[in-house]
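Trainee: Residue-level listing of the chains:
Number of protein chains: 2
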Amino acid sequence: MLFDEKVYLHIPGPSPVPPQVQRAMARPMIGHRSGDFSKLVARLGEEAKKLFRTAGDVLTLTGSGTAGMEACVAGVVSPGDEVLVLVSGVFGERWAKIAQAYGAKVTRLDTRWGTPIDPHQVAVKLAENPRFKAVFATQNETSTTVQNDIAAIGAYVAKTEAVFVVDCVSSLGGADFRMDEWQVDLAVAGSQKCLMLPPGLALVAVSPKAWKAIEGTRSSRFYLDLVAYRDSLAKATTPYTPAVSLYFGLEAALALLFEEGLENSFRRHDLMKRMVRRAIRALGLSLLAEDAWASPTVTGVWAPEGLNPDDFRARIKKRYGVVLAGGQKDLTGKIFRIGHMGYTSPYDLLGVVAAVELGLKESGYPASFGTGVAAAQAELFDSLDVAAGKEG
Amino acid sequence: MLFDEKVYLHIPGPSPVPPQVQRAMARPMIGHRSGDFSKLVARLGEEAKKLFRTAGDVLTLTGSGTAGMEACVAGVVSPGDEVLVLVSGVFGERWAKIAQAYGAKVTRLDTRWGTPIDPHQVAVKLAENPRFKAVFATQNETSTTVQNDIAAIGAYVAKTEAVFVVDCVSSLGGADFRMDEWQVDLAVAGSQKCLMLPPGLALVAVSPKAWKAIEGTRSSRFYLDLVAYRDSLAKATTPYTPAVSLYFGLEAALALLFEEGLENSFRRHDLMKRMVRRAIRALGLSLLAEDAWASPTVTGVWAPEGLNPDDFRARIKKRYGVVLAGGQKDLTGKIFRIGHMGYTSPYDLLGVVAAVELGLKESGYPASFGTGVAAAQAELFDSLDVAAGKEG
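Those protein sequence lines, which keep their order, are chains A and B. My numbering puts the first sequence at residues 11 to 402. My numbering puts the second sequence at residues 11 to 402.
These are computed hints drawn from the structure, not numbers from a lab. Some clues are possibly wrong.
Remember, identical chains collapse to one label, so a pair may be satisfied in a single copy or spanning two.
Once the Cα atoms are required to be at most 25 Å apart in a straight line, the calculated DSS-like pairs of lysine-lysine come out as [to be verified]:
hint : residue 1 : residue 2
1    : K169      : K219
2    : K49       : K344
3    : K219      : K59
4    : K327      : K16
5    : K328      : K16
6    : K135      : K60
7    : K115      : K222
8    : K135      : K169
For reference, chain A alone in the conformation it holds in the complex (with noise of 0.2 Å):
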């Protein structure tokens, strides 16, 4: 690489930050315990409902998504309870490890990774027990690069007494996710994702079935206590110190995100994936998802017979500081990843397929220069709506 900082990244988080972002985070230090840090506690507080389309609270956790998923966990289950987890990936089997770790009957819904969780099936194993607790799902499975139909579980699980907690973390702000609307309970988005930040903040999103089911659970939890996070907001505060700079920087990514309008932000992310799968399948590559269900921020995509994707990974992220992310538990050293969230624009993904061209090139893949990149070109030349006279 020619310039170490000189990087292009690609990954399924962290995403690039945008230079608002970096500069609000560097802002002098203040106290957690000022009057003006309350007042920012209480504008993001109501900024954040927005995102997550509720009427509920919305707490900020000091920590990673994880902290958030085990927020929720913690939350909702007490030893022995009987919990359902949706499985469609690596984030789908961290939640039925962080419920085992809390002592719950896990029982799980698995699918052939690279497909999603079919909702009916979610319906039958619901009937079949009707003493779960709480169904855990995961909205965007970045591992598989999947995306599930929560509105359509949410349908399901509504209609039980369990409480329907998602993960949400790699799709907040760059897919639709409505939660009053679909009726999840709890939901979790991480900072380092399509919110622009770097990581380390996570969003726990609460309904009032959720905080009855919390109030109600016999759990050890102390910083990851939702309730201790509820009575703070109360107050505007937060209970333990929270990452001062990145309350800044949340604040600069959410005006940039309100700025574009969350809708388009949608759109937007749906252009980059429809490009990017044009482009690998002009390539002759064959993707990992389908497109009913692929998910709008990463795509992934079957290394060629005689391809190691990991050291084609490697090459161009030496030869053109692009970064893409491999493959995880089952699927290591069989797929690459191109991710296309947040700070990301369809302009970068042109380029970025011109390096997966050179890549393949250099590996020894009969790849035809420009090929894909063209196809990515007419995907976003559609978009313009060019011909209708408008501008896109």
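With the hints as your guide, set chain B onto chain A.
Mentor: Chain B in isolation, oriented as in the chain A frame:
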């Protein structure tokens, strides 16, 4: 544009500023008469000599490239002096204008725009008039995307009493320049081009022959009096208040440049030039300058019949954040220019070419998607020496 600051700057300066330089410039302010600043001045004075490949003095002025040019003129032109100005574009014109402002009798050697100065014609002019006090040239004429042969011209000027003054504002660091070997007496560089800084500093290198001329010159000069800068530099300071942050940045930028290696930087700029030229040809467009004298830092392209290059540029800026330059003076409305200087990688040009293709298509020009990109990729790929088993 999606995000106001997601801009891909491909104009002939300012060029993108590396994060290392941005961070250096964000350091807390220090006094410019402090010991710390003196040490910085002394270090930069030595480092800058490597940049110009000179054993002579290199002075740093707080001002634009034009301020540096004026300092040279004020240094060697007394009212009524005869000077020869080599004009291959807007910046050659600027030498003439400044010389006239200082009362010089200017003889011009003009070229057809898009072509370089013929060194033999310089020899003829010098033979015709032995009274020339100075000869003014431009190494890299961004307005016409032409590089002049400074070594060849220098060989002729060195045989005369005239001082050879060269504007290498837009080439130093990105194109070979050898102050001492090429017998250049005064050379001016700007911070915002291949030196990867924001605008605000001019570097002026001075030969012993130039110092002799400067000491005999009667011109009105104060802020731009090179003698004041030399005397201050000898004491590791500056005569007037310098742009302290830019000095911090200059140190970081030079560290990056020397880490890459000057020769590697020249090769990188040459590769970017070849990629863009091959892409433009593949798209069926015409280049402003011939290969033999094309600038390594900016490429001029004739707008095809029916394309308004300024509307075209406005469109791709708005759509993709890609900023190109237009034509100046006689070339206004006839060309567009693609900058590839400083903190820019060959990879960056792949996206730029893709954006040019999209912009052409949207403007109704029959551009075939991927055609130019494929040509640029092929040029880049060829440079990797993959076949030869070497690491590119």
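Trainee: Return the numbers of the hints above that this structure violates; sort them in rising order.
Mentor: 2, 6
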